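A.B. asks: We have chain A already, so just place chains B, C and D on it with the hints.
Protein chains in written order, with this note's numbering: chain A, 13 to 393; chain B, 13 to 393; chain C, 13 to 393; chain D, 13 to 393.
Honestly, I wouldn't trust all of these hints.
Copies of the same chain look alike in the list, so a pair counts if it works inside one copy or between any two.
To be verified - Here are the simulated DSBU-like pairs of lysine-lysine, each with C-alpha atoms no more than 35 Å apart in a straight line:
hint, residue 1, residue 2
1, Lys351, Lys77
2, Lys320, Lys57
3, Lys350, Lys57
4, Lys351, Lys57
Hints listed in this document are in silico derivations from the structure and should not be mistaken for laboratory results.
What you are looking at is a predicted structure, and each value in this text was computed from that prediction instead of being measured.
Number of protein chains: 4
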Amino acid sequence: MRKILTYGMVGGGPGALVGDAHRKAISIDNSARLVAGCFSRNPEKNKAQGEKLGLSADRCYANYKEMAEAESAREDGIDFVVIVTPNVTHYEICKAFLEAGIHVSCDKPLVLESVQAGELKRIADEKGLLFMVTYTYTGYVTVKYIRDLIKSGEIGDIRTVMAEYPQGWLYDENNSGGKQGEWRCDPAQAGKVNCLGDIGTHVENTVGTMTGLKIKRVLAKLDIVVPGRKLDDNDQILVEYEGGATGMNWSSQIAIGCDNGLRVRIFGSKGSIFWFQENSEEVVIAKEDGISHTIKRGYKVMTPGAAKYCRTPAAHAEGWLEAMANLYDSFTECVAAKKAGTFTMEMIDYPLIEDGIKGLKYVEACLESSQNGNVWVELKV
Amino acid sequence: MRKILTYGMVGGGPGALVGDAHRKAISIDNSARLVAGCFSRNPEKNKAQGEKLGLSADRCYANYKEMAEAESAREDGIDFVVIVTPNVTHYEICKAFLEAGIHVSCDKPLVLESVQAGELKRIADEKGLLFMVTYTYTGYVTVKYIRDLIKSGEIGDIRTVMAEYPQGWLYDENNSGGKQGEWRCDPAQAGKVNCLGDIGTHVENTVGTMTGLKIKRVLAKLDIVVPGRKLDDNDQILVEYEGGATGMNWSSQIAIGCDNGLRVRIFGSKGSIFWFQENSEEVVIAKEDGISHTIKRGYKVMTPGAAKYCRTPAAHAEGWLEAMANLYDSFTECVAAKKAGTFTMEMIDYPLIEDGIKGLKYVEACLESSQNGNVWVELKV
Amino acid sequence: MRKILTYGMVGGGPGALVGDAHRKAISIDNSARLVAGCFSRNPEKNKAQGEKLGLSADRCYANYKEMAEAESAREDGIDFVVIVTPNVTHYEICKAFLEAGIHVSCDKPLVLESVQAGELKRIADEKGLLFMVTYTYTGYVTVKYIRDLIKSGEIGDIRTVMAEYPQGWLYDENNSGGKQGEWRCDPAQAGKVNCLGDIGTHVENTVGTMTGLKIKRVLAKLDIVVPGRKLDDNDQILVEYEGGATGMNWSSQIAIGCDNGLRVRIFGSKGSIFWFQENSEEVVIAKEDGISHTIKRGYKVMTPGAAKYCRTPAAHAEGWLEAMANLYDSFTECVAAKKAGTFTMEMIDYPLIEDGIKGLKYVEACLESSQNGNVWVELKV
Amino acid sequence: MRKILTYGMVGGGPGALVGDAHRKAISIDNSARLVAGCFSRNPEKNKAQGEKLGLSADRCYANYKEMAEAESAREDGIDFVVIVTPNVTHYEICKAFLEAGIHVSCDKPLVLESVQAGELKRIADEKGLLFMVTYTYTGYVTVKYIRDLIKSGEIGDIRTVMAEYPQGWLYDENNSGGKQGEWRCDPAQAGKVNCLGDIGTHVENTVGTMTGLKIKRVLAKLDIVVPGRKLDDNDQILVEYEGGATGMNWSSQIAIGCDNGLRVRIFGSKGSIFWFQENSEEVVIAKEDGISHTIKRGYKVMTPGAAKYCRTPAAHAEGWLEAMANLYDSFTECVAAKKAGTFTMEMIDYPLIEDGIKGLKYVEACLESSQNGNVWVELKV
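Here chain A stands alone, though its shape is the one from the complex (with noise of 0.2 Å):
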C-alpha cells in the first residue's frame, strides 16, 4: 500500500485552467495531497486560493524562492512540486526547487531553450532528482497501448508517419483566441514561436513516444496566415528520422472546424496503427490485407503496460484529465519509491526532461529551417 505524499504548486491560481487541471488529474487517484503553494503574485489571489483548496496559511508563500527553501527546511516538506506558470518562468522556478532538492513536475513547453533545459537536467542528475515534463497526451492508455505494439513488432519496420494537430481558436485577427491567444503570439512571453511551441511539440513527442523514432532533420515552413501576428500560427514541416522513415508533421491554430484534433497515423511494412486524440478510446489497426480492426481501451487485447493505467471498464471513457492523471500515477509511483529507497529506472512512464529537451531541439532545428528558406537542419543531439 503506497503512501498519499504531499505536494506544493507554483502557479494555478483562480480561474488557471492549467493549474486546475493539474490538481484534478492528481486528486483523481488520490496519489498526492496539495499541502503547499503559490499560485499568483498577486496576495490576495494568493491567499484566496490557498484558502480555498484548503492549505494551512503558513504554506501559502508570496514567491517561490520562499516555498522552496521553507518546504526544503520542514520535516514534513512536500514530495514533489507542480510548476504551472508561463513558459517563460520555468528555468528559474525549477531551478530552485532543483536546488533545493525537491523532485519536479513542469508543464510543457519546459523552457525557452535548450541550453536552460540541459542546464536543469545536469542538475536533477546530480542531485538525483526526477523530473517530470507533462506532455498529457502520452498519458493515454491508447498511447501506451500503441508505443508495445509497435515495440514488439506488430506492424513491421515504420515507413513514413503522419502527424498532425490542426486547432482553430487563433483563425481570426479579431482576437478570437481570448487572452490566452494575446500572450502566446506575443513574442514578449511567448519566445520565438507560438504554435510550434504549444501544439507541434505535442506532435513531436506523441510520435517520438508511440514510435522511439529519434528525429535526423527537418525542413520546416512556419507561417504566420493571420494579417498582423508577430508569430507562427501554421506549420508545415517534412520530416526524417534515424533509420530512413519519413514523415510529415502539420500544426495549426487557423484550422477553422479543428478543435484539438492531434492525430497520428503510423505506417509500417507489415501494418498501420491510426489514433486520434479526440476519439482517444480507440486504436485502429491495419494488417496486410487491408481489413482494420478497431480496438477500444480496456479490451482484453491491452498490452499489460497499457491495461494497468484503466480505470474503467472499456467504453466508460476516460478522457484527458485521466491521460494526465496516468502520468502522475507513475511520476508519484517514483517518487515515493525514491523516498523508500526503491526506485529504479525500470519504474519510469512518464515523459522526461530528455523528452522536454528534444522538444526545445525540434523547436529550435524548425525554427533555423524556416528562417533559412526551408532547408534540412539536423537535430542537435
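C.D. replies: Quick look at chains B, C and D alone, frame taken from chain A:
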C-alpha cells in the same frame, strides 16, 4: 467559496469498481472528503481499505448501523453517505442513514421494488433530507445540453424516441461475464430481472431526463437468449409516452461487438437529436433541411445549464467519471446549501429518488407485460 | 459470350425516377437493349419518350395489352419486360405479359394483396417464366457477402436482428414530400399502407435475404404521426423468427435527419454483423473478443458469390444503381439461359416472386396486428 | 432532345479495367453508343472484343491509324474517340485522331512530358476540337458543389489546403500489386515517376478544381520506400499557391489500410471544407463557430451546377462510375453542340487538356525538386 464537505461510504471495499468510481468522481472536483466508511463485511478488508483511504481508525465501522448512529451523533459527522453495496441491501442501509438524519447518495437500481423506494422517499421528505440516485449517464454535459435544447423547443414536439443500450459481455453461456455476470443472473441476488434492471433502467432514465416525457404504457418482451440463464438478457420494448409520442427501447447483454452502447435518437416535429454514450463529447442535431450539425461539449453554443459543468475546453475529452462528478457537483452544492440554510429546489440538477421510483415502476410494468404475453401495461403513477 | 438481350418497359415516362433508374441499371453492364415500350398513357409523352430512347415507332405502344400481344407475336420480340408503373396497376400488367409468355421484372411492392401475387406466381410457374421483383438493396455486393458469411456459420446462430429504415422526407404536414408524398399517403392510390409498403418491406426483405430467417409472427404498431395523414408514417414492430430468433423492425418517413437509412444489425452466438445502406461499401464484423473488423467491398476476403459482382476495385465506390444492375446481371443471365435451354435453379441470384409474396404477407400480418391493438399475428405461409 | 452520339475506343481489350469503366460510364446515361474500336494489338482479342461489344466487323480496326483515317472518311464516322491505352502510347494516338479531325477523350496521365501535351493542345486548338482528360474524381457531384461554394466565397480566402491520396496496394516487395504494379514501377513503361503520376496528379487536379488555386512552387520529396523498387512510391510535398495559400500534398502506395484515400481539407478565413473520396456522397463544412455541417449529395442546398448531375435522390449512393459518367455528360453535350454549331465555352464542365498539362508540369517540378535535394521549384507556366 464553498466549504469542502465530508462524506462516508458504505460498500466500495478493495477491488470494487463502483465504489472506487464514486470516490474518484468526488475527488475530481474536491467537492467532499471521505472521512468515514464501512467498506466490507470482512473486518480485515474493511480495516485495510480504511487505512488505504486515509481514514482515522475510529471512523472505519464494522457495520452500517453503527456507522449511521455514530456519525449522526458526532458534531463533525459526515455531511452525506454514499451507498454502493449490492442492490438487495440498499433499502435497509438507505433507511438507516435517512433515519439518522444523513443525506444519501445511492447507486442504482435503487431498491428491488417500487414500494420500498416510496417508503424511502417518505422518510427523506419527512426529514427534509436530500437523496440522489446515481444514474451516471445523465451527468454528461451533452445530456444536460440536450435537455435544455428540447425544453426550449429546438426540435418541436417529440414524436418518437429510439433508445437502446446494447452490451455484449454476457453473450456466452461459458461465463463470459465473470463474477459480476454470475450474480447479476442469479435471481437470489439480482431479483426478478437482470438486463432490464442493470441497463434497461438507464435507457428509461436517460430518455426521460433528456425529453421530460413520461411513460404512459409499455409492451415488453424480456427474453433469455443464452441457454441455461434464469433472468432476461435481451429486452425489446414498445413505449407510449403521455401526449402521444412513441418509442422503442432495447437493452441487451448478448450483443457481441457492443460495449456500452447507450444511444438515444429523438425525433421531433422540427428536428432531431442524436446522442451516443460512447461518443458523449458530441451531439448531432438535424433540422428540417436534413443537414446534420455536430456540436461538441464546450462549444460556445452550449446552454448555460450545460456549460457550467465543463471543466476542460472542447475536445479535451471528459469521460464517464466526469459525468458522475457532475452529479456530485450539484448534489454537494445542495447539501452545502442545506447546511447553510440557502437551499432551494431550483438548485437540484441530479437524479432524484423519484427517478429511482420511476425506474422501478418501469421494470415492474415491463415484467408484467412480458409475463402476460407482451401486452400493454400502464405505468402506475 | 452472352448475347445481348432485348427488353421492353411499361411505365417510366418522361421525368419518372424509377423507370430511368432501371434503364440506367441495365445499361451499366449492357446486359440488354431497350427496344419496345409503353411509357405513358398520354400519347404525346409516350411517343416523345420512345423517340428519346431511340425506339422504332412501331414498338412504342399505346397500351400494355397491345404491347404484350405484339411483342409476343414478333419473332424478334422482347426477351423480358420491365414494369415500373404505380403499384395498383402491377397485377393486371404482369398478368398480361406472363400470359403472353414473356419473362417479367416488376418493381416492388409487387401487388396490393398476397392472393394476387400468388396468382401471378401460379401463371409464371405454369408457363416456366422467370419473375424478378426488384428489391434493389439486396443487389449490393456487401449484402451478398453478408448472406454468404451467415450461411457459412461465421457468426453462429442468429439471436436477434435490429433492423430499421428511417427517412425524413414526409415529416411535415405541409407537403414536404411533394407529389410522390401525396400519392403514397392516399389510400386510393397506395392501398392500405404507406410507409410499411414502401420501405418496411425492404427491411423485411433485406433481413430475410441476409439471414435466411423466416418470420413466424409479428406484433406491429403502425402509427400516423403527421396530423391529417390517412396512412401510416411510422412503424414499430416486434418480430419472432422461426427457430426462436427475435428482432425489432422500425420504418419511418418522419425521422428528420435520416435520408435512406436502411440499417441491419445481426447478432449471433459467435459474432455480429453491421450493415448500413448509406455506407454500403463496408461491412463491420465483430467477433467474440469485441474487436470490430471493417471489410470493404472488393477486399480479397469477399466470398466468390459476392466478388463476382464487383465492377471496380475496393474504394472505387459502387452505388445504388450498381446494386440494381446486379439484380439485372443475374436476371438477364437466367433469361439468356432459358433461351439457350441451359437454365438451372442454382443460377438464380435475384429476388423472386416468392419474396414479393412474403413481403405482402408481412404487410398483411402487421396491419392485422396493429388494427387489433398490437397483438401477435402469425404469418400465413 | 439530344441525339445519341457515336464513339470509338482505342484500348480497352478483354479484361482491361479502365476501358470497361469508360464504356460503363458512357452507358449509364446512354449519352453515346460504341460503334468502332481498336481494342488490342492482338488480332484475336481485338476481334473477340468487337464482337462481344456488338460492333460491325468493318469498324473493328487492326490499328489506331487505320481507324482514325477510316472513321474520319465515313459520313457516319464516330463523333469522338476514347483513348484508354497505356500512357506511353497516348501522344501518338491522340495526335492521329486530332489530325483526323476527331474529338478526343483521353485517360490520364495524359502523356509523358508537358511539351507533348502542349503540342496536342496546339493541334486541337487549330482544328477547333474538344479534348477531355478523364480526371474521374472531379466528376463527383460533391466536388462540383465544393467548387461552387468556394467560388461564392463561402469559406473566405483560402489559407491552407491539406490534400492526400494514400493507397496500400504496393506496400510489399513481394509483388502485392500484381501485373499493374509491375508496369507502374517499371521506368520503361511508366516513365520517370510511378506514384506521383498515377495518383499524385489526382491530388493536384482535385485541389485545383475545387479551389481554383494555381500552384506557384513546390518542394517535393519523392521516396522509394519498398526495397528494390525503381520509382517513387511515397511522395511528400510542400506547396505554395499563387496569392499566398500553402499546402501539403501526400500521395502513397505503401500505406497499408488505405485503399483509395483521396482526401482534401480546405481551410479558409471564414470556414473550412472537408471531402473524402471514399465517402463522396458527403461534404462537411465548418464555420467560424466550429460547428460542422454534413451535407449530402442531393440535398436542397446543392448549387445548380452540382444538382444538375444528380441522378438519384440523396442517400441512394452514386459512385465512381457515375463520377466518370458526369464527365462524359458534359463532354458529349459539348460534342453534340459542336456538331449543331451551338457550342460555347461556358458549356464546358469537364477536365481540359490544360488540366493535363498542369498535371505534367506539377510532376516535372516535383521531380526536379526532389532530385535537387528538396528545394523549391517554380512551376513553368
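A.B. asks: Looking at the structure, which of the earlier hints fail to hold?
C.D. replies: none
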